[in-house]
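Enquirer: Protein chains in written order, with my numbering: chain W, 11 to 485; chain G, 11 to 485.
All the given hints hold, so there is nothing to weed out.
The list treats identical chains as one, so a pair stands whether inside a single copy or across any two.
Here are the simulated lysine-lysine pairs, DSS-like style, with alpha carbons at most 25 Å apart:
1. K376 x K339
2. K203 x K411
3. K109 x K39
4. K339 x K303
5. K462 x K483
The set of hints was computed from the structure by calculation and includes no laboratory data.
Spelled out, the chains give:
2 protein chains.
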Amino acid sequence: MLPPKSDFSEWYHEIIQQAQIMDIRYPVKGLYVWFPFGFKLRNLIYGKLRDVMDREHDEVYFPALIPETELGKEGEHIKGFEDEVYWITHGGLDELDVKLALRPTSETAMYPMFRLWIRSHADLPLKVYQIVNVFRYETKHTRPLIRLREITSFKEAHTAHRSYEEAEENVRKAVDAYKDFFDSLAVPYFIIKRPEWDKFPGADYTIAFDTVMPDGKTLQIGTVHHLADNFARTFDIKYETPAGDHAFVHQTCYGISERCVASVISIHGDDLGLILPFHLAPHQAVVIPILYKGREKEVLDLSNEVFFRLREMGVRTILDDSDERPGAKYYRWELFGVPLRIEIGPREAESGEVVISFRDERMKRKIPADEITEEKVVEWAEEMQERLRRRAIDSMLEKVKFFESADEMEEWMGRGIALFHLCNSLKCGEKIEETVRAGVLGEIIEMPEEIKVERAGKCIVCGSNGKLNAMAKSY
Amino acid sequence: MLPPKSDFSEWYHEIIQQAQIMDIRYPVKGLYVWFPFGFKLRNLIYGKLRDVMDREHDEVYFPALIPETELGKEGEHIKGFEDEVYWITHGGLDELDVKLALRPTSETAMYPMFRLWIRSHADLPLKVYQIVNVFRYETKHTRPLIRLREITSFKEAHTAHRSYEEAEENVRKAVDAYKDFFDSLAVPYFIIKRPEWDKFPGADYTIAFDTVMPDGKTLQIGTVHHLADNFARTFDIKYETPAGDHAFVHQTCYGISERCVASVISIHGDDLGLILPFHLAPHQAVVIPILYKGREKEVLDLSNEVFFRLREMGVRTILDDSDERPGAKYYRWELFGVPLRIEIGPREAESGEVVISFRDERMKRKIPADEITEEKVVEWAEEMQERLRRRAIDSMLEKVKFFESADEMEEWMGRGIALFHLCNSLKCGEKIEETVRAGVLGEIIEMPEEIKVERAGKCIVCGSNGKLNAMAKSY
Chain W
11 MLPPKSDFSE WYHEIIQQAQ IMDIRYPVKG LYVWFPFGFK LRNLIYGKLR
61 DVMDREHDEV YFPALIPETE LGKEGEHIKG FEDEVYWITH GGLDELDVKL
111 ALRPTSETAM YPMFRLWIRS HADLPLKVYQ IVNVFRYETK HTRPLIRLRE
161 ITSFKEAHTA HRSYEEAEEN VRKAVDAYKD FFDSLAVPYF IIKRPEWDKF
211 PGADYTIAFD TVMPDGKTLQ IGTVHHLADN FARTFDIKYE TPAGDHAFVH
261 QTCYGISERC VASVISIHGD DLGLILPFHL APHQAVVIPI LYKGREKEVL
311 DLSNEVFFRL REMGVRTILD DSDERPGAKY YRWELFGVPL RIEIGPREAE
361 SGEVVISFRD ERMKRKIPAD EITEEKVVEW AEEMQERLRR RAIDSMLEKV
411 KFFESADEME EWMGRGIALF HLCNSLKCGE KIEETVRAGV LGEIIEMPEE
461 IKVERAGKCI VCGSNGKLNA MAKSY
Chain G
11 MLPPKSDFSE WYHEIIQQAQ IMDIRYPVKG LYVWFPFGFK LRNLIYGKLR
61 DVMDREHDEV YFPALIPETE LGKEGEHIKG FEDEVYWITH GGLDELDVKL
111 ALRPTSETAM YPMFRLWIRS HADLPLKVYQ IVNVFRYETK HTRPLIRLRE
161 ITSFKEAHTA HRSYEEAEEN VRKAVDAYKD FFDSLAVPYF IIKRPEWDKF
211 PGADYTIAFD TVMPDGKTLQ IGTVHHLADN FARTFDIKYE TPAGDHAFVH
261 QTCYGISERC VASVISIHGD DLGLILPFHL APHQAVVIPI LYKGREKEVL
311 DLSNEVFFRL REMGVRTILD DSDERPGAKY YRWELFGVPL RIEIGPREAE
361 SGEVVISFRD ERMKRKIPAD EITEEKVVEW AEEMQERLRR RAIDSMLEKV
411 KFFESADEME EWMGRGIALF HLCNSLKCGE KIEETVRAGV LGEIIEMPEE
461 IKVERAGKCI VCGSNGKLNA MAKSY
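Chain W on its own, in the form it takes in the complex (with noise of 0.2 Å):
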């Protein structure tokens, strides 16, 4: 049994083990196991990513050990992740002449051989992606898929072109395919320009998708970065324009990691369990013969008839035959998330009527097993999708408060996420940073049409001009 979900800390602690996404057990801090079933979710949503990458990305690999000397080189980059570095320090009983960092993102180890590519403007634009492990030594209370010691999923492009404006133009296009990544999840969000003192090291601006969690708390689970020309002056990295000159690049980089599959998990699930998009499902059905002695025979002639059926179709689906009652079989079906439920008893095989669910309805209707077409079966995902966005996107609504002063923001802090309006100064940021005794997200670039709240306003702290910022407790 899980714990109900409005009790979110326990419950996501609890889904983790008890849906088989990942051990905890693993004998070290921060580390995790993902178990097969995990796994498969895992590589479901990484395949979605990865199509959106693919469009407009080459893959490549890079290692995982950086050099000291290199992630040392640009100076509010290593600022930014000295204290979080793992230092490899030995190689067998040898001292290393050059302490090898573990990689915790990787401009330092990319950039140096973008030096070593980039020859001309024809070159340009560079755009390539990785999905790797990255590594980070986390202080603060670690959890599965959200703060982690190694990231065994980390999805990081990095760009580069010929100017600042064109750079900028790829910002805006890597937007727009984490929104269709996140579309695709049902997972609804915000997307938010980091204030300037808590940009991304390195970078000249951060752009951030945030969503907010069943507890209020929001959760970061993409970011898009601009670098200008930031670290292509510290790895020498030009290009020789059109007109023979030699010119710096100007760089992006985005990442996205396992904090996607946490998402899926936390906004859409139960007291039940898992509730996934129908084509992000490890078992997008599941098929229950429902047996009663002397008629068995009937019963099991339709279920395989509707079984390969829906395998043919391409369907996932599991014939579940086995011996256990079918309340047990239905409580396990909906742990995991299984999308669509049949269930066939002797009644049914007489009729060749089906009776079939949706997990996130539970709401029984019967219908000819022979209408069970692939059109319909597409028909029923893309219901699905729709019920699981606007359910998402309901819950989320009751978790976003506008405030007009900050008196009442405090209390609303781990209860949802706050709107208000803010000149964007460091110094009306820090003032409402410290009363409120949270961060500021930023400003505020698009979110769901359904809220609706003026972009511009006088600032919560100044009450000069200000724009729509948002504040909120953070994982």
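With chain W's structure known, arrange chain G on it following the hints.
Expert: Leaving out everything else, chain G in the frame of chain W:
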């Protein structure tokens, strides 16, 4: 231009870079960067490997960091790896309480968890695999794909069974799976049981797949280990038998690294570049329009037609309508190993016939464009696969020689693999290794049927009953 393949070491060094497999300029010894083209080839080869594994294994992911306390538990195992493990001693500026090893292989990461996963006989067999980066502090000469400090793509499978015999049955299945895999690469191999003194640290015995490289040295491209209950005793992995007793599991593990990519490149390539089996080629076909002034339209029309037809069949096809000379285009696509080339000039556009040639034959034939059908492409791919297999075996046969006395064997070392009979005793093994100054690979279990040598005979050292063994200089 590549050096001739007869100068294998130079050829390999150059083709890795020129055919854009890996960039060897990363600033740490033994670490390389996968270029986009190389990574596509890697993904296609590993896709095949994954298919073979998915038949009977679940994919999982275990952490890359192993605490010193776990890594050191199995005595033989740690002795085998302690000289080549990278140690993480610091997180940020803090010294870690327990040093962490970067996994050199994952027995000691997985088996403490197997202890928790396995309760009853119903949990067995347990068969999982993962494709991960592993690390070795190599002090010898490093080489892309062959001897690395970060093996980026280590496929390791780990299984647990009820008895020694059931584990042994799984060793046979693993060997069969690997045969399927290497056959699909058209890479010929010897299957060899490693001598007692050269088995995997902690194993009961080790079976290896060795291929012979163009320079006559052997390359170990896969290994399968029977672990008996050695690790189960160390990590206390027990199950409840049907009778209610508790017994240790028996285990196997087996691995393949990116050496499989090295073998494809090395075995099939020629002086002009890569030669790739059709199903593994990132670009399977290239259509090259030969343009003459005034006749461009008809040539491009037919070229486009053929290009789109191939694309629709799912053939990964390029239309090279760039401005370069045809010779430059041929040269490039030969370097990248594109299996099928289609040339279309004004004469072809008029007659509706096109000129096709295959990368391995380089013989031109004319066929009507209409005859390029899906069935035809499948047939061509199979014929090419068979030609590559034959060619690879023929070239291997030149590097296999049987010896009845040790006298001439030393001279043969570095030119090929020596077969001879050995009684398999440590004493005679040491003696022959000392005389010939090379390593005994072990007893031959299977080899290409074209090699006609008696399996039993008198030991080359002591004259008593012996089995067919192999010896070679190895990578």
